[in-house]
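Trainee: Chain by chain, the residues:
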Amino acid sequence: MEPLISMGVLALIGVAATIAGASEDLESDVGSQSNPNSQVQLAPQMMFPHRIYNKAVSGEPPSNALMSAVGATGAVVLMDEFSLSPLFALVFGALIAAMVHGTFAVTSTMGRAASQRRFKQPVYLDMIRSHTPVIMGYAFITTFCILVVSFLMDSVLSHPFPLPLLAFIWGITVGAIGSSTGDVHYGAEREFQQFEFGSGLNASNSGNIVRFAESGLRNGYDNSWFCAKFGGPVTGIAFGMTVFLGNWITTVFDPARGVAEGWLSVVAGVIIVLILIFWNRKIEVAARNAFGPYKQDKTEEEAAA
Amino acid sequence: MIDIMANIVWMALIVIGGVLISWSVHFVPVGGAPAAMAQATGIGTGTVQLAAGAGLTGLVSAGYVMNVVDNLPLILASGAVGAMIMIAVTMIVGTWVYVYGVGCVPSSAKVKVDPLTHDRQDLYVSQGTEGHGLPTVCFVSGVIGGALGGIGGALIYYALLKVGMAVTEVNANLVGLVGIFAVGIFFVNAVIPSYNIGGTIEGFHDPKWKKWPKAVISSFVATIFCAIVAVIAISQMGGL
Chain A
1 MEPLISMGVL ALIGVAATIA GASEDLESDV GSQSNPNSQV QLAPQMMFPH RIYNKAVSGE
61 PPSNALMSAV GATGAVVLMD EFSLSPLFAL VFGALIAAMV HGTFAVTSTM GRAASQRRFK
121 QPVYLDMIRS HTPVIMGYAF ITTFCILVVS FLMDSVLSHP FPLPLLAFIW GITVGAIGSS
181 TGDVHYGAER EFQQFEFGSG LNASNSGNIV RFAESGLRNG YDNSWFCAKF GGPVTGIAFG
241 MTVFLGNWIT TVFDPARGVA EGWLSVVAGV IIVLILIFWN RKIEVAARNA FGPYKQDKTE
301 EEAAA
Chain B
1 MIDIMANIVW MALIVIGGVL ISWSVHFVPV GGAPAAMAQA TGIGTGTVQL AAGAGLTGLV
61 SAGYVMNVVD NLPLILASGA VGAMIMIAVT MIVGTWVYVY GVGCVPSSAK VKVDPLTHDR
121 QDLYVSQGTE GHGLPTVCFV SGVIGGALGG IGGALIYYAL LKVGMAVTEV NANLVGLVGI
181 FAVGIFFVNA VIPSYNIGGT IEGFHDPKWK KWPKAVISSF VATIFCAIVA VIAISQMGGL
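From first to last, the protein sequence lines are chains A and B. Going left to right, the first sequence walks through residues 1 to 305 as the working numbering numbers them. Going left to right, the second sequence walks through residues 1 to 240 as the working numbering numbers them.
Certain hints may be false.
Claimed, not checked - Simulated crosslink set (EDC-like; lysine to aspartate or glutamate; CA at most 16 Å straight-line):
#  : chain 1 : residue 1 : chain 2 : residue 2
1  : B       : Lys162    : B       : Asp3
2  : A       : Lys298    : B       : Asp122
3  : B       : Lys162    : B       : Asp70
4  : A       : Lys295    : B       : Asp122
5  : A       : Lys295    : B       : Asp119
6  : B       : Lys112    : B       : Asp122
7  : B       : Lys112    : B       : Glu130
8  : B       : Lys112    : A       : Asp297
9  : A       : Lys282    : B       : Asp119
10 : B       : Lys208    : B       : Glu130
11 : A       : Lys295    : B       : Glu130
12 : A       : Lys282    : B       : Asp114
13 : B       : Lys110    : B       : Glu130
14 : B       : Lys110    : B       : Asp122
The set of hints was computed from the structure by calculation and includes no laboratory data.
Work out the full structure, taking the sequences as your base and the hints as a guide.
Mentor: Put into structure tokens, the structure is as follows:
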């Protein structure tokens, strides 16, 4: 294929992946999923009942993989058996996945809230009614973008994996990235804003999440509003970079043109990784200098005395 | 029985791949739920989730390369590079969040000085936590783990596809079947080390890392069974 067309397709894949990453993280913030949800789950047991959606269907990678695989399977059936246009089939597949996800979200939050009755945790039906469509909306955007990435890789970049398998793997990856990056902003910062900034969460404060908002009780909307400023976009950048860089090295140095080109793609990938290691080191040194240590060095104190 | 004896070389490669995956998981710095609250060093997610995310991304790269060339070292290298890119990108963005979003310094609670950079770590661990973020040694360890996992996944995919190619030509059905088996064997071997790790590990400098032989032996046994099932299923159903 023309290198220019491949690069154009690659750019489109990168954009779709970036949107998928951002919406995946915001979906897990408004519905509270993955690791930070352990604190939402713990709060009523520590006598802090709250008004935060408590969905944790499963870890984020399996739940996103399920959504993407359901959507892709629906889309493939519509394309192959009913000869629908890919655009319609992908949208319809994503819609099916969003509905399946909405079902899981409602049953899990109701079950979790109801099981904490002995800790006086209420089941806020109005909160469930207002948050579930937002969760389904984000799930739709995530699934649709993953399906676009997988479909373009399959049909244009001629990847050998079938569409559902590719969507499944990208679902696992977007969930792994979302729970590793954006969720830290929700779990370490937004849930514990009442404690001093820049110290991590002291284990003795576990479960004491922020329950009051600027006005009224805090809910999932407030959390996604905050995380949309940093956690969501950086998750998008992370997933976009993973998909873009992973495909970029084999598009620029295409192994189909020979084994030597294939090895060049490997070298290019290793150089990218070395740059990232160096960048991490620069940030680490900058943070050490800017923030300073938390404790005094006892050996220095003794030497001074 | 005939299927198994004829495919003994490919089965050996599958077992090596499984063992590599099991070993690789010990290198990946994961802090589980505490890390998501900046309460432990490492990436704030589960062991299996992150190892699978990286290794399967490597599988996508290896699958593409195997489609166009038949060169085992290049396929394995592509798998390793795909996984390394995924895990390195995840860790650098994780560092952005820990430093700029949460405002804490990357530090390890398991060692007093970083073995690679010789920076003091204990002074930078805030009160009531087990470290936070990703110091250089964790980052490098994670990249090594990603590379090993990518090689393991690619090796399993390569061997299973060779088993299928003996009974049918390469088509979408065969690639789908082989891909699902490769993903399944990957998950089996990513789960086994979690019992060693118990939620958090910082990388090759963590004392828990020394327990890897137990997990590797368990994975060796488990992957033999996986390989038998996979080889029988693929050689019988390859063409579906």
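Trainee: Does each hint hold? Answer for all of them.
Mentor: A quick look at each hint next to the structure:
Between Lys162/B and Asp3/B the alpha-carbon distance is near 13 Å, which keeps this suggested pair within the 16 Å criterion. Of the supplied pair hints, the one linking Lys298/A and Asp122/B holds, its CA atoms being roughly 11 Å apart against a limit of 16 Å. Restraint check for Lys162/B and Asp70/B: satisfied, since their Cα atoms lie roughly 10 Å apart, inside the 16 Å limit. A C-alpha spacing of about 8 Å is found between Lys295/A and Asp122/B, which places the hinted pair at or below 16 Å, so the restraint holds.
Only pairs whose Cα atoms come within 16 Å are accepted, and Lys295/A paired with Asp119/B is accepted, the gap being roughly 15 Å. The straight-line distance between the Cα atoms of Lys112/B and Asp122/B is roughly 5 Å, inside the 16 Å bound, and the hint therefore holds. Annotation: proposed proximity of Lys112/B to Glu130/B holds, straight-line Cα distance about 12 Å (limit 16 Å). For the given pair, Lys112/B sits about 12 Å from Asp297/A by alpha-carbon distance, which is consistent with the 16 Å threshold.
Restraint check for Lys282/A and Asp119/B: the C-alpha separation of about 13 Å stays at or below 16 Å, so the hint holds. The hinted pair formed by Lys208/B and Glu130/B meets the criterion: a straight-line CA distance of about 15 Å does not exceed 16 Å. Proposed proximity of Lys295/A and Glu130/B is supported: the alpha carbons are some 14 Å apart, at most 16 Å. At most 16 Å may separate the alpha-carbon atoms for a hinted pair to count; Lys282/A and Asp114/B meet this at roughly 15 Å.
Using a Cα cut-off of 16 Å, the hinted pair Lys110/B and Glu130/B holds, with the two alpha carbons roughly 8 Å apart. Taken as a hint, the Lys110/B and Asp122/B pair is honoured in the structure, with Cα atoms around 9 Å apart against an allowance of 16 Å.
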